[in-house]
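Once you have looked at the hints, place chain B on chain A.
Chains as they are written, first to last, in our numbering: chain A, 1 to 240; chain B, 1 to 330.
Do not rely on the hints blindly, as some may be mistaken.
Covered by chain B, according to a simulated footprint, are these stretches of chain A (three or more residues, beta-carbon under 8 Å) [claimed, not checked]:
{"id": "1", "segment": "87-97"}
{"id": "2", "segment": "102-116"}
Reference listing, derived: stretches of chain B covered by chain A, where coverage requires no fewer than 3 residues with Cβ under 8 Å from a Cβ of chain A [unchecked claim]:
{"id": "3", "segment": "206-213"}
{"id": "4", "segment": "218-224"}
Hints were generated in silico from the structure; no laboratory data involved. If you're wondering where the values come from, they're calculated on a predicted model, not measured in any experiment. Ideal placement from N, C-alpha and C gives every residue a C-beta, glycine not left out.
One-letter residues, chain by chain:
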Amino acid sequence: MTDPILELAGVSTDIAQYHILHDVSLSVPEGGVHVLLGRNGAGKTTTLRTIMGLWQARAGAIRFRGDDIAALHTSDIARKGIAFVPENMGIFGGLTVEENMRLATHDGSFDRDRLGRIYALFPALETFWTKSAWSLSGGQKQMLAIARAIIEKRDLILIDEPTKGLAPAIILSMVDAFREIARETTILLVEQNFLFAKSLGQTVAVIDDGRIAHTGTMAELVEDAALQTRLLSLSLDAHQ
Amino acid sequence: MESFNSVFERFGGINLLPAILALIAFVLIGSPSTWVTLTVAGLAMGMMIFLMASGLSLVFGLMDVLNFGHSAFVSFGAFIAASVLAALAAWVAADSVILNLAALFLAIAAAALFGLIAGWAFEKVIIKPVYRDHLRQILITMGALIVAEQIILAIWGGSPISVPRPHFLSGSLIIGDVSIELYRLFAFALGLVAYVALYVILNRTRVGLLVRAGVENREMVEALGFRIDRLFVGVFVLGSALAAIGGAMWAGYETLITAAIGSEMMIIVFIVIIIGGLGSIEGSLLGALMVGLMGNYVAFLAPKMALASNMILMMAILLWRPYGLRPAVK
Numbered sequence: 001m002t003d004p005i006l007e008l009a010g011v012s013t014d015i016a017q018y019h020i021l022h023d024v025s026l027s028v029p030e031g032g033v034h035v036l037l038g039r040n041g042a043g044k045t046t047t048l049r050t051i052m053g054l055w056q057a058r059a060g061a062i063r064f065r066g067d068d069i070a071a072l073h074t075s076d077i078a079r080k081g082i083a084f085v086p087e088n089m090g091i092f093g094g095l096t097v098e099e100n101m102r103l104a105t106h107d108g109s110f111d112r113d114r115l116g117r118i119y120a121l122f123p124a125l126e127t128f129w130t131k132s133a134w135s136l137s138g139g140q141k142q143m144l145a146i147a148r149a150i151i152e153k154r155d156l157i158l159i160d161e162p163t164k165g166l167a168p169a170i171i172l173s174m175v176d177a178f179r180e181i182a183r184e185t186t187i188l189l190v191e192q193n194f195l196f197a198k199s200l201g202q203t204v205a206v207i208d209d210g211r212i213a214h215t216g217t218m219a220e221l222v223e224d225a226a227l228q229t230r231l232l233s234l235s236l237d238a239h240q
Numbered sequence: 001m002e003s004f005n006s007v008f009e010r011f012g013g014i015n016l017l018p019a020i021l022a023l024i025a026f027v028l029i030g031s032p033s034t035w036v037t038l039t040v041a042g043l044a045m046g047m048m049i050f051l052m053a054s055g056l057s058l059v060f061g062l063m064d065v066l067n068f069g070h071s072a073f074v075s076f077g078a079f080i081a082a083s084v085l086a087a088l089a090a091w092v093a094a095d096s097v098i099l100n101l102a103a104l105f106l107a108i109a110a111a112a113l114f115g116l117i118a119g120w121a122f123e124k125v126i127i128k129p130v131y132r133d134h135l136r137q138i139l140i141t142m143g144a145l146i147v148a149e150q151i152i153l154a155i156w157g158g159s160p161i162s163v164p165r166p167h168f169l170s171g172s173l174i175i176g177d178v179s180i181e182l183y184r185l186f187a188f189a190l191g192l193v194a195y196v197a198l199y200v201i202l203n204r205t206r207v208g209l210l211v212r213a214g215v216e217n218r219e220m221v222e223a224l225g226f227r228i229d230r231l232f233v234g235v236f237v238l239g240s241a242l243a244a245i246g247g248a249m250w251a252g253y254e255t256l257i258t259a260a261i262g263s264e265m266m267i268i269v270f271i272v273i274i275i276g277g278l279g280s281i282e283g284s285l286l287g288a289l290m291v292g293l294m295g296n297y298v299a300f301l302a303p304k305m306a307l308a309s310n311m312i313l314m315m316a317i318l319l320w321r322p323y324g325l326r327p328a329v330k
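Chain B with its partners taken away, still in its complex shape:
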């Protein structure tokens, strides 16, 4: 008799987990329209978390660097995007989709640009002196996160900031009795584009080949004649920019943000990269989708368990697969 594992692998293996989770939720929720709304919200949330988590996963996999300051890029991305959208309020509120898109593009671009520049500086000043020293990495990056939050408080103040959504994304798509927020569809689409771009870079380019090899064995990559430390700077900068974009999108999702947005997301981001397996983009996507779906389903079914649900999910997956769902190194 064919074992359960081989049947499971033949039908898609662990890639099926989000679908299985959605199926179980469908049975428990009962109402198809509610289920669709929650599923779309979960997928959108998952894609935004993926944006924040993918860079951190690669950074950890490639250089074994624990960067708790990663969420500072999420926070700054959110606040910078909110400021750009506020400054372009007329474009944001206009009936023109082109003006709406231009405002949104500029907000995301400003967040990404900040991530690129600040990521480069952060790696040079904060990370580089503490390579290969986990304790100092944790201390210094946690310190940097606290400093970043204080800078945000100094610039934007302590009151929650309202984030305007572009007019064309402020409505919902109504299909029968199912209502789907357009912003969630947009967030899902943007995350999907980012995933495909990362997948192509990692699997179809020489730089991607080096990153994948470096995640497995950076010493051997150097012995083949490549400077892994220079490659790492590029990955760190890209990861920081993705985190800032994720923060920008999350700001629009939440519509009201505080300086703690990054540190609140950090726990979720760490859960995602641990569930997914370190150094793996595919793992980060799987983990992010499961966390997004689980968070939304449980918040509906058992609101008091919402915070604990993802921790329980992480523990269950680690008991099953101690290195995560799809680790880069087996």
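Here chain A stands alone, though its shape is the one from the complex:
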């Protein structure tokens, strides 16, 4: 196992008077896709938002390549090479697809080779390049959100429930895209869709009620139906 690119050690996060994360410790190895699973309200999104500095951790350390980033401003965390694709995709609907992408570059210019690879992954973006992002379908918006995260090389991409509300055919194309992206970047994927998660994940952590309930390899979890039932209250069969 490689050195972790991201480590959370004893992270607790409050939102107003509510304690959402309790002493969360998590290690994300460098390279590949790593999954954070959990039910609605378990604390998955809060974990990602805390890593990005959008909500401040009350306690604990968040280390990215060994540097504690817990107290940094969100923009400084992003500049360290962490991209974030939120659950609502964070698309700027009033901007064109091109403007959305341009905004994610550090100097406003595109690497044409990289852009070509993104077009190959998500052909719809080239088709709608000059159109307003409002005009895109849900799946196309998700493609744009992911493409924006990889328009320049990032070390880590945090993706929050990318399959939510998408048609099965689009989810299948996402699997291929994520595999391609994971060749050069580490992905921390938050999901509820176990089928999607198991097709991509190398490691998995399960969060429940703001606490990490399990960590291990995805293969172990896939092979252990009893563990799935205990952790997710769902068996793999139930999804098939």
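Chain B in isolation, oriented as in the chain A frame:
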């Protein structure tokens, strides 16, 4: 059969509203020369209101900040410009267009400079401590407005101040039996230049791209690596300077000003940004033109309804489009 909405959109959609308003007024007024005079006055008034409103709309859209103190910049802009014009009375009254223009430029520049500096200080001292707290924003910015009015009273006194117009703008352009004040044409042209400049900045520059994105989703802009709070300071300062320029132009339009000029305009400015849709320059322009035209037409047709007319306009538009004509976020 094609729906009314699609036909309306094909012919320009909501951009046509000021023209439709002008057309209705033309029928009601009857006299073409009166209509032209009122329309030019309405457009000029609209452009000056646009100057005052555009910054406030962006400030609200970008940071969700309710700044009732915005009109203090309008008031100070008006009084500073009036003082500069009074100090340069010889240039203002001279037959030379160059001297007239120099006096006017210096008056507007002094107002803008005040807006830039005071806007920066206002954001640091008054606004920054109350981000994300609307109640405290309203209280503290209303308090700041009262303090600003008292400062104006202390410096310039309570009597109305006369504002001299540069000689070359004091006449009227006569075409047939139509008389158009030159100052109104100048105010319209200046507002148009400001709109085009803002449009270019917002649509053709990276800073503008960030502002437009920030109005929609400031959190995501930060997650892309940009400091929205620093961008906001720039927008706030620019908005304050535009308000001061608007105040300077309004002073010349009214020719007699009091310390209450800003708070009187504030209601109109809020109506404009609500009609236009928050965070949108195009919306602010549309709203300002409609308010300017409506105010002038109704003042002629039914003077007793002049004050209420813009409120009625706002209510009608909000019933039709609850987020305004052209909101930045749909």
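Violated hints - listed by number, lowest first: Violated: none.
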